[in-house]
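Guided by the hints, dock chain B onto chain R, whose structure is given.
Line by line, the protein sequences give chains R and B. The first sequence begins at 1 in our numbering and counts up by one. The second sequence begins at 1001 in our numbering and counts up by one.
Accuracy of the hints is not assured; some may be wrong.
[Said to hold, decoys possible] Mimicking SDA-like on lysine to any residue, the simulated pairs with C-alpha atoms at most 25 Å apart in a straight line are:
hint: 1; chain 1: B; residue 1: K1153; chain 2: R; residue 2: S22
hint: 2; chain 1: B; residue 1: K1161; chain 2: R; residue 2: A83
hint: 3; chain 1: B; residue 1: K1153; chain 2: R; residue 2: S24
hint: 4; chain 1: B; residue 1: K1161; chain 2: R; residue 2: E106
Everything labelled a hint here was simulated from the structure, so no lab data went into it.
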Amino acid sequence: METLITILAGVLVTVATYLILSRSLIRVILGTAILSHAAHLLIMTMGGGLKIGSVPILGEGNGTFVDALPQALILTSIVISFAVTAVALVLAYRTYQETGTDKLDELRGMKHE
Amino acid sequence: MNNVLVMPMIIPVIAGILLIFLRPYIKLQRWVSFLVMIVNAGIAVYLLNRIQTEGILRLDFGGWEPPYGILFVADSFSVILVLTTSIVTAICLLYAFSSVGKAIENMYFYSFVNFLIAGVNGSFLTGDLFNLYVCFEIMLLASYVLITLGGRKAQLSESVKYVVINVVSSWVFLIAIAYLYGTVGTLNLAHLSERIAESGQTPLLTVISIVFLTVFALKAGLLLYFWLPGAYSVPATAVAALFGALLTKVGIYAMIRIFTLLFYHEPSVTHTLIGILAGLTLIGGSIGAIAYKDIRQIVAYNVIIAVGFILVGLAIGTQAALEGSIYYLIHDMIVKALLFLLAGTMIVVTGETRIDHMSGLIRNYPSLGWIFFIVMLSLAGIPPFSGFIGKVLIGQGAIETGSYILLALAFISSMFVLYSLLRIFLNSFWGETIISKEDKVPMKKGWIIPCMLLSGGTIVLGLGVEAIAPYVLDAANTLMNPQLYIDAVLNRN
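Excised from the complex, chain R in its bound form (with noise of 0.2 Å):
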């Protein structure tokens, strides 16, 4: 299980870093949520097992719990990435409305002497 679940966090960063170099900003956007959740899946991966022990409450089970704190990280994770997302689409879209254009390089930075 662990290492089905470490090729898809492998994969959904390939996915990712590809969406991430494209030249439209949308997909770069893209890239960067699934990005998180590659995030996401790592953390519960490293936190030490998936599908062993039982819930973790006290008086409940037979004596092995699931280490709770990975899922209490993603869930924080999951709560920023989306409102960095939000912000990024936002900005994405003010941009295209002044500029013009979602293509990055058409985007370059100031001007130089």
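The following block gives chain B in isolation, referenced to the frame of chain R:
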């Protein structure tokens, strides 16, 4: 009661939320934000003095004792930075009152400044690695908004890059946290330090420390600073000053904390790497600082040089060098804010951004010119000002450990700082004046008073080193002896 520990973070959060509802009352928003910073500064002074008598303070949220709960830890290092942050922000806010303009102030400007400060103070005070990540994100989200306020084309296109690079680096941060949690099974900084010490920092842990180094290098602008000059040139002056003074410093703080508290067992790998990166940063920053004629770029590259300089102290890692780093960190927060404010003011009064298009400003605005002169001397490390003591101590540390290459790079970079600023001074302040009496933009009190306060700050800090020396000594002492921190957090006195 230790509850006061959470105040530097919670007061700005509450104020920020309140100000969202007080949108039409700009005057009220201004003074509430200003008051918040002053109160924070007061709390920081109070905490700093308590730490000297009672040792490191901590606050366990919800009564969950470490290592199980999240907690805030206040040692001298973090509280000194909270204090400096509050003062610098208060002064930048004073500048913002008369410079950012109604349109931006109406778009929740002060709320987001408060959120930014909440994130910064939270990052300084937290004693939990994941909480550090969360505080970083609070700070970054606020900075994403602040950098785009105004909505000019250049701002938007630069902030797109700023957001993407920070999202990616936050991802690396998460990955590093996941690896570390998977390896040692805890995220409390003190507990982590203990467990890493027990296992003797295996090669695996050293690799993880390099992942952390990458994250903080991106955030602090250590060698990976390619995003910084663009992003720091576009926002409103007061915002740029806050960014220049605070954001990279949070990355530096995190790096110093991580590499003195957690990963200090393999300095031949990690600290050498930091040394190399710092050296390259100094070189790159120096080249950048003299390469451009755009004043905003010059100033931004000066931030990068300072990052390299402070981390030279970490790379050397002796008591003297760390003290030097702390002094320089405080100094740099004050002086970089001032430098950004001055550059912004120069751009506003001339309407130009290139130094070869400005001339003779000292005749029109003598006080501005003399303050710029003070900044220049202070950044170069001339004695009565605050840059001196940091440079001396880092130099002393470098000589003690025989790191002569870093010593040479650090001090040569000071020459470049001096040269790059002298170039601005000669080009823009001397020479024929180009502004006639009729077109002269009157210097507002709201512009020059914050600059005067900050330059007063650098003089006071320079002359009053004796007064803050005990605090800095204690801060460096805690950094040098991680056991002090661990004992305080895990209740083993």
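Exercise. Which of the stated hints cannot be reconciled with the structure, identified by number in ascending sequence?
Worked result: Going through the list in order, the structure violates no hint and respects every one.
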